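**Q** Chain by chain, the residues run as shown.
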Amino acid sequence: MLKHLYDTDCVTWSPQGKLFQVEYAMEAVKQGSICLGLKSSENVVLCSLKRQPSELAGYQEKQFKIDDHMAIAIAGLTADARVLCKYMRTECLEYKYTYESHHPVGRLVFKVAEKSQHKTQSGAKRPYGVGLLVAGIDPNGVHLFETCPSGNYYEYKCQAIGSRSQAARTYFESWFHLFEKSTLEQLILHGLSAIKKAIMEDEELNEKNVEVGILGKNQKFAHLNAQELKDYIAKLEGFNPNSQIQQE
Amino acid sequence: MIFNSEISGQQQHTTSPVVTGGSVIALVYNGGVIVGTDTLCSYGSMATFKNVQKIAQISKNTIYASSGEFSDFQQVVKELAKIDRSALQYDDGVHPSPKDYGNFLARLSYKKRCKINPLYLQNVIAGFHNGERYLGLVDIYGTYLESNFITTGFASYFCKAIIANYWNENCTLDQAKQVIRECFKVLFCRDCRAHDVIQLAYVDAQGAHIEEPERVETKWDFNGFKSRANEKLHTQ
Numbered sequence: 001m002l003k004h005l006y007d008t009d010c011v012t013w014s015p016q017g018k019l020f021q022v023e024y025a026m027e028a029v030k031q032g033s034i035c036l037g038l039k040s041s042e043n044v045v046l047c048s049l050k051r052q053p054s055e056l057a058g059y060q061e062k063q064f065k066i067d068d069h070m071a072i073a074i075a076g077l078t079a080d081a082r083v084l085c086k087y088m089r090t091e092c093l094e095y096k097y098t099y100e101s102h103h104p105v106g107r108l109v110f111k112v113a114e115k116s117q118h119k120t121q122s123g124a125k126r127p128y129g130v131g132l133l134v135a136g137i138d139p140n141g142v143h144l145f146e147t148c149p150s151g152n153y154y155e156y157k158c159q160a161i162g163s164r165s166q167a168a169r170t171y172f173e174s175w176f177h178l179f180e181k182s183t184l185e186q187l188i189l190h191g192l193s194a195i196k197k198a199i200m201e202d203e204e205l206n207e208k209n210v211e212v213g214i215l216g217k218n219q220k221f222a223h224l225n226a227q228e229l230k231d232y233i234a235k236l237e238g239f240n241p242n243s244q245i246q247q248e
Numbered sequence: 001m002i003f004n005s006e007i008s009g010q011q012q013h014t015t016s017p018v019v020t021g022g023s024v025i026a027l028v029y030n031g032g033v034i035v036g037t038d039t040l041c042s043y044g045s046m047a048t049f050k051n052v053q054k055i056a057q058i059s060k061n062t063i064y065a066s067s068g069e070f071s072d073f074q075q076v077v078k079e080l081a082k083i084d085r086s087a088l089q090y091d092d093g094v095h096p097s098p099k100d101y102g103n104f105l106a107r108l109s110y111k112k113r114c115k116i117n118p119l120y121l122q123n124v125i126a127g128f129h130n131g132e133r134y135l136g137l138v139d140i141y142g143t144y145l146e147s148n149f150i151t152t153g154f155a156s157y158f159c160k161a162i163i164a165n166y167w168n169e170n171c172t173l174d175q176a177k178q179v180i181r182e183c184f185k186v187l188f189c190r191d192c193r194a195h196d197v198i199q200l201a202y203v204d205a206q207g208a209h210i211e212e213p214e215r216v217e218t219k220w221d222f223n224g225f226k227s228r229a230n231e232k233l234h235t236q
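Those protein sequence lines, which keep their order, are chains D and B. Counting along the first sequence from 1, when you hit position 50 you're at 50 in the working numbering, and nothing is skipped either side. Counting along the second sequence from 1, when you hit position 198 you're at 198 in the working numbering, and nothing is skipped either side.
By construction, these hints were calculated from the structure, which means they are not laboratory data. You can take every hint at face value.
Subject to a maximum C-alpha distance of 20 Å in a straight line, what follows is the list of computed SDA-like cross-link-like pairs (lysine to any residue):
hint, chain 1, residue 1, chain 2, residue 2
1, D, K217, B, G131
2, D, K115, D, E91
3, B, K82, D, Y95
4, D, K111, B, V94
5, D, K30, D, N209
6, B, K111, D, E94
7, B, K115, D, T98
8, D, K157, D, R169
9, D, K65, D, C92
10, B, K82, B, G93
11, B, K60, D, P139
12, D, K217, B, H129
13, D, K115, B, S86
14, D, K96, B, G142
15, B, K99, D, L93
Computed far set for chain D versus chain B, every beta-carbon distance over 12 Å:
hint, residue
16, Q31
17, R82
18, T170
19, M200
20, G216
21, N225
22, E237
Derived DEER-like restraints, expressed as beta-carbon distance ranges:
hint, chain 1, residue 1, chain 2, residue 2, range
23, B, K219, D, D68, 53 to 61 Å
24, D, A57, B, A205, 55 to 63 Å
25, B, G207, D, K50, 47 to 55 Å
26, B, E169, D, K230, 45 to 53 Å
27, D, K125, B, G44, 57 to 65 Å
28, B, A205, D, E155, 23 to 31 Å
29, B, D91, D, E27, 23 to 31 Å
30, D, T90, B, A205, 34 to 42 Å
31, B, Y90, D, E23, 22 to 30 Å
32, D, K157, B, D84, 24 to 32 Å
33, D, R89, B, E214, 46 to 54 Å
34, D, N242, B, L145, 55 to 63 Å
35, D, T98, B, Q178, 35 to 43 Å
Source: prediction; values computed, not measured. Glycine is no exception: its CB is placed at the ideal position from the N, C-alpha and C atoms.
Working from the sequences, and respecting the hints, build out all of it.
**A** What follows is the structure in structure tokens.
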């Protein structure tokens, strides 16, 4: 396929009905390090693997709090993610100022998706090169959304995006039927187990390169601190999802 | 939200109201909230429009009433209904709670007050959401209060004693209705811009119910009126 004939800008369709620039933007998301989210009836957990550009550098944060009831995990261009993060935070603040209540999650994701779509229909713009996992709680319940550079958004029970995320999704496919009734601790352990499937053989999970954020109906968004991460990673050894089935 | 006066550039300010509605009385009761108004809109001292519904249903579980300039009431109803309709646009089934409306109206009133062009109203938002009763007052300045009972206009002067003596927050719906009827009886006697036909509306777990207007009982056949024994005819 002579891709290069049709991939110069967003305003050119390919004969197969594709917008190549948008597809390339989605590739950028797949290059980012893995982040995943999973929810139960009460909680949402976001887990991500942080990259360290070099030995001298710190680890790149991947999860950002949008409001007490909402947070995102990013995969892709961090700079683009910051723009969307700022937009979401501003929208939440404005909503709170006007209505004194929390911005409905689905509605904000819709706004982000609209913003993203706008970038895919202009000759002078490029799509955002970042995918977001949006975790949030609102009167409609517990939510986990994924947004794409294309402007599509989807609601999930659990999802993983970024590099080697297929391994984590395979883990989810085996165990997601347990998540609805899982406790917060079980959710975190499932999330960490899924991430473990996605790391390289010579890498290991430790409290420095893993980031876990939790959100619940009675729990404002919070990151697990280094000690809690260490404890959970230690618990991974003895974690057996099968025992959860016996409980039910 | 842009008002016509701001578009045309001719800055006009509401300095005094033209067609006005009277007092609003709102109470919580055991199981919901109830709002009462009379059905009169006055043109100054003239009782012009005698059969006006001054309680509006904004959403399934929220009602709104206000005293003051009636055209502002109508405009506010439109603006609040707009918010509810946006739920259709976003397709997410999330409807604002009564508190959301109250806060929105407070923000709006404050904005207009800062431009010295207020919504000439004392607003009452009443609703029932997630098992909780809500009663909010927003005044002409944008002050926002939540309370168990609210009175606007002359009711604040004449009716608080009645409410204090005969109402508590866990009374039944019928008891609350009686208290409001009694209040409007007194208002009809004492407030020159009041009317003897009132309308009650209540919100409970089943939603909003706006009742048909009713006439308050008044008594005019006192002996003193009939015989006028104490009055002497003045002669030159």
